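Assemble the dimeric complex from its two separately framed chains, guided by the hints.
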Amino acid sequence: MSATAEGAAGAMHLVDYTDAAAVAQVPTRNGFGEGLIEAGRRDDAVVAICADLSESTRMEGFKKAFPTRYIEIGVAEQMLVAMAAGLAAAGKVPFIASYAMFNPGRSWEQVRTTMALNQTNVKIAGAHAGVSVGPDGATHQAIEDIAIMRVIPKMTVVVPCDSAQTKQATLALAAHWGPAYLRFARAESAVVTTGATPFELGVAQTFREGGDVAIVACGILVYNALIAADELAKDGIECRVVNNHTIKPMDEPAIVAAARDCGAVVTVEEHQVHGGMGSRVAEILAAQHPAPIEFIGVHDRFGQSGTPQELTEEYGMGVASIAAAVRRALTRKRARNAR
Amino acid sequence: MDSLTPEALRELELHANDVRQGIIRSLLAAGSGHSGGSLDMADIFTALYFHLMRHDPKNPELPERDRLLLSCGHIAPVRYAAMAYAGYFPVEELLTLRHFGTRLQGHPERVSLPGLETTSGPLGEGLAQGTGMALAAKIDGADWRVYVVTSDGEHQCGLHWEAMMTAAKFKLDNLTCIVDRNVIQIDGSTEDVMPLEPFADKYRAFNWEVFECDGHDIAAFVDTVERAKRVKGKPQVVIAHTVMGKGVSYMEGDYLWHGKPPKKDEAALALRELGAARELIEAGRR
Numbered sequence: 001m002s003a004t005a006e007g008a009a010g011a012m013h014l015v016d017y018t019d020a021a022a023v024a025q026v027p028t029r030n031g032f033g034e035g036l037i038e039a040g041r042r043d044d045a046v047v048a049i050c051a052d053l054s055e056s057t058r059m060e061g062f063k064k065a066f067p068t069r070y071i072e073i074g075v076a077e078q079m080l081v082a083m084a085a086g087l088a089a090a091g092k093v094p095f096i097a098s099y100a101m102f103n104p105g106r107s108w109e110q111v112r113t114t115m116a117l118n119q120t121n122v123k124i125a126g127a128h129a130g131v132s133v134g135p136d137g138a139t140h141q142a143i144e145d146i147a148i149m150r151v152i153p154k155m156t157v158v159v160p161c162d163s164a165q166t167k168q169a170t171l172a173l174a175a176h177w178g179p180a181y182l183r184f185a186r187a188e189s190a191v192v193t194t195g196a197t198p199f200e201l202g203v204a205q206t207f208r209e210g211g212d213v214a215i216v217a218c219g220i221l222v223y224n225a226l227i228a229a230d231e232l233a234k235d236g237i238e239c240r241v242v243n244n245h246t247i248k249p250m251d252e253p254a255i256v257a258a259a260r261d262c263g264a265v266v267t268v269e270e271h272q273v274h275g276g277m278g279s280r281v282a283e284i285l286a287a288q289h290p291a292p293i294e295f296i297g298v299h300d301r302f303g304q305s306g307t308p309q310e311l312t313e314e315y316g317m318g319v320a321s322i323a324a325a326v327r328r329a330l331t332r333k334r335a336r337n338a339r
Numbered sequence: 001m002d003s004l005t006p007e008a009l010r011e012l013e014l015h016a017n018d019v020r021q022g023i024i025r026s027l028l029a030a031g032s033g034h035s036g037g038s039l040d041m042a043d044i045f046t047a048l049y050f051h052l053m054r055h056d057p058k059n060p061e062l063p064e065r066d067r068l069l070l071s072c073g074h075i076a077p078v079r080y081a082a083m084a085y086a087g088y089f090p091v092e093e094l095l096t097l098r099h100f101g102t103r104l105q106g107h108p109e110r111v112s113l114p115g116l117e118t119t120s121g122p123l124g125e126g127l128a129q130g131t132g133m134a135l136a137a138k139i140d141g142a143d144w145r146v147y148v149v150t151s152d153g154e155h156q157c158g159l160h161w162e163a164m165m166t167a168a169k170f171k172l173d174n175l176t177c178i179v180d181r182n183v184i185q186i187d188g189s190t191e192d193v194m195p196l197e198p199f200a201d202k203y204r205a206f207n208w209e210v211f212e213c214d215g216h217d218i219a220a221f222v223d224t225v226e227r228a229k230r231v232k233g234k235p236q237v238v239i240a241h242t243v244m245g246k247g248v249s250y251m252e253g254d255y256l257w258h259g260k261p262p263k264k265d266e267a268a269l270a271l272r273e274l275g276a277a278r279e280l281i282e283a284g285r286r
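Each protein sequence line maps, in turn, to chains A and B. Throughout the first sequence, residue numbering follows the numbering used here, covering 1 to 339 in sequence. Throughout the second sequence, residue numbering follows the numbering used here, covering 1 to 286 in sequence.
Bound-form chain B, shown alone (with noise of 0.2 Å):
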């Protein structure tokens, strides 16, 4: 498969830095909501709106669309962000984040928003749900993808292993999981709290194909995803090392910023790095 070029790589970190940035102001407006694994997500999200999904933005139930369930909802402002970005609705619509008659939902409605394929935020449930959706591409003969991504904190939830368990029996290789492995959830670190390593071999033990990656490189991820791509007759998992609030200096790596929003002095800051990394991504392009 091709590699991507030096160009659409910049031009890929600049699409993930307008998302870093849509989700500081979009939070920022809602006085609520979930930073630190939105900004981790910003770079997978980017690869998958931007360069790796079948799907037209103007066109949100295109029968073949490769489908992106996201099942911690909690992290819809990157979603929100991306598919802004991506050209599915006004990048200014993401200032009505979480308030009264939005169609951005503090967690995503399918039927408020086109194309977010799922209802979504209780933990869990993705896998589940794509799983569904995967078997009944494969019934129709249909050749497009599921993606499913999920944090790592919600594979505490019993249900995603019936899922695991479900797709490895029907082959499911048109079924992607890509895990946010930030090893953060609410109360702490994931291996504090209920440890899930060793987490690849867990996987493995459920007959999927496993693919590790950091979170951060877009280039790799693009190329795991590829990969991942060409498995056949094995559901597929990208685990991707990330850290929480990738971006925001302050933020990243404290758990403390999994569930709250930046205050006005704060989101300035934020805005103000964002904005410097972002001169150092247009200084590489000339």
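Extracted from the complex, chain A is given alone in its bound form (with noise of 0.2 Å):
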């Protein structure tokens, strides 16, 4: 690690990412399920609704601690939504949890009509989002949900990058009023941050120092992003590393403050490049800073049954995919710069 990337590092209080076996790997849900807990602990208001999922969501430790603010309504995915808002407007704090092809995949105009535009405090919670829920394949594999949750008005969406995050903002929303989506995933995957990490709705963070190209991540893709910095440097290319963690309210300057001081972006989500949180970025700069971007997520297609690794690999969002994409960015930038 060099000495910016060790600098930004120390700041933001991460594991050294480097050291393979000093690295966690721990599923983002797990984070989930104990932010959860310590949620109902600190709020006696927060309540949890699952459908038939409590044990792949993480809520079943929720469920021991506060069995008479647990409710279990079956499969009913549409229920969990409109049910919460009534809870809510009675003064509770929902979390629903579920997939999250179905939660949102298949509430979306609830959300939209009884959370979004009713108001109501409920978090939707979405678990095994993303290619890497593996085996299940393409059904299970939701690569949509944000671009479903961020174009609805008033709506925060939340995609930490580690189990430890995941929990932190689990804890934050619960304190935040307002209709939230939280998406978390179901593999084990690299925890870079830490307790101290700070974390802070609507805060992007950066987790690595670097003047060439900034990658601006989110999600459990977040290390892949690090790592390819990494291998990066040792060719001389120094990358700023953005954990983008709330695609809505997005942090605006910090995305504007990368492309001005590195000149070309590339976005890394495990999703949809269309409508997803590079199109946010990308909306952003077109607006207010024009820089090249890559895209690094799924291109147009479905999801298929694989390993994790497998599917990362075959959706071009591995290490090897990102490094290129940042050779291509800064191509762009150097000819654009040279005309």
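Among the clues, some could well be false.
To be verified - Okay, the calculated beta carbon distance ranges per label pair:
{"hint": "1", "chain 1": "A", "residue 1": "68", "chain 2": "B", "residue 2": "212", "range": "34 to 44 Å"}
{"hint": "2", "chain 1": "B", "residue 1": "265", "chain 2": "A", "residue 2": "176", "range": "47 to 57 Å"}
{"hint": "3", "chain 1": "A", "residue 1": "55", "chain 2": "B", "residue 2": "165", "range": "20 to 30 Å"}
{"hint": "4", "chain 1": "A", "residue 1": "153", "chain 2": "B", "residue 2": "90", "range": "23 to 33 Å"}
{"hint": "5", "chain 1": "B", "residue 1": "204", "chain 2": "A", "residue 2": "136", "range": "52 to 62 Å"}
{"hint": "6", "chain 1": "B", "residue 1": "204", "chain 2": "A", "residue 2": "286", "range": "57 to 67 Å"}
{"hint": "7", "chain 1": "B", "residue 1": "232", "chain 2": "A", "residue 2": "42", "range": "32 to 42 Å"}
{"hint": "8", "chain 1": "A", "residue 1": "153", "chain 2": "B", "residue 2": "226", "range": "34 to 44 Å"}
{"hint": "9", "chain 1": "A", "residue 1": "307", "chain 2": "B", "residue 2": "229", "range": "56 to 66 Å"}
{"hint": "10", "chain 1": "B", "residue 1": "223", "chain 2": "A", "residue 2": "177", "range": "34 to 44 Å"}
{"hint": "11", "chain 1": "B", "residue 1": "187", "chain 2": "A", "residue 2": "307", "range": "43 to 53 Å"}
{"hint": "12", "chain 1": "A", "residue 1": "75", "chain 2": "B", "residue 2": "204", "range": "22 to 32 Å"}
Note that these hints are calculated values from the structure, not bench results. Remember, predicted model here, so these are calculated numbers, not experimental data. Every residue, glycine too, gets a C-beta built ideally from N, C-alpha and C.
Rendered as structure tokens:
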């Protein structure tokens, strides 16, 4: 790790992610489960509603800790949202959990009407997001959910980068008034943050400094972005890596600063490149600071069965793909500057 | 429980007449909107706002108020008119219905007008939200009740049945669903579009306590709801048999009046009919 890279990592209290042996592998859903229990301890109004997936969404800990505040409604994802809106209208802080493919995938209109337009304090916990769900295949791999949530006015959309941050995000959303979507994943993934890493909704984090290209990432692929940046540094290419965990409201100054300081941007997300986090970055930069952008994500395809690693590679989201995108962005930036 | 005195009943019938006139005036001013269902629920909304519910028009956020949810938001004019005459806002404001800048949105928006409880219009969502509220009351040990007014047509939405199962599972006896059973929806009879019968049996099969009554007999409706409130351990449904467009002769039972407002001459005729009906009620009082 270079000195500048170390400086940013130190300020963010990251683990030494370059040492694979030092990096714990924990699913982000575990962080949700831990955060929900803590949120329940802090606030009696927090209730949890689940659609027959308490173990895999990690609501079972809350269920054991607060049985009278745990509500099981079976396989009924539209009900999940609308009922939660009713509970919220009566003063509760409901977290509702199922797979992201169904929650919010199946319940979009209920989310729009009963949560957002109606302004109720409901928190959607979308589990098993992304192709990293793995063997379950395309039907269960939500890769359009960020798009359908961020398009709704008044929604907050958060995609934390690892298990520790998912816990922080869960607690932050419990304390934040308003409709929100929290997205997390099934597979084990690298834990790069610590409890000491500062976390604030809507404030992007610079995990690595660099001036050649900015990699703006969210979710479990932030780790791949950091590793790609480290490998590129060996060739003298210094990347800034921004953990852009809050998709809405996005930290526009941080995005503009990254484009201004680096001159080119690569976005990285486990989602369709159409309509997701990278699209929002492009909207911001098109209006405020146009720069070459390369988009890492799923390019207008559905998922399929496979291991998380196989699928990450197949859909061009691995370390080598990110590094190649950085090189393309750098080439475009240099060509632009030469004009 | 106490039944309505003849005097109290006549007062309610006069309020219902006011509400119907308010509906006609507001729809005429709006130039669009849903006449049929609004008129046919006038008696029930009157009974709820002027007799049955615990509420305070001057304090719409009263924590211990009963919650009234209008699931079929397109009949908002009846709710707005009942609220106005109950004292939530000036009656003249009814003439802003559906206009730019109004609090009386084409379909009700909770954040726009205090007292609405939910934002509604997309069908089939009211009972689900009411179930959440009723469960919250149970969790908190609160004694307020939840009333959800639904159309019969919206029983074709799957979400409504999800809510029916859930309300029964949690034994929400503080929840009463009121169905506007006018057998009419946009494309015709509910029994042609997508049959709902045997309707009451479906509720029974979902472990609900079922009541039926004439939705235009205010005394019968009040009595039915009072009986429903005494049920323990089960949610209740009141299937109110109604006639679309009730109170305006040329609209009654005609599905073409589901989604349109009266024109000026039609409104004048409706108001003449309602004025005559009012005189009959007042004659009964004297």
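Q. Against the structure shown, which of the earlier numbered hints fail to hold, in ascending order?
A. 5
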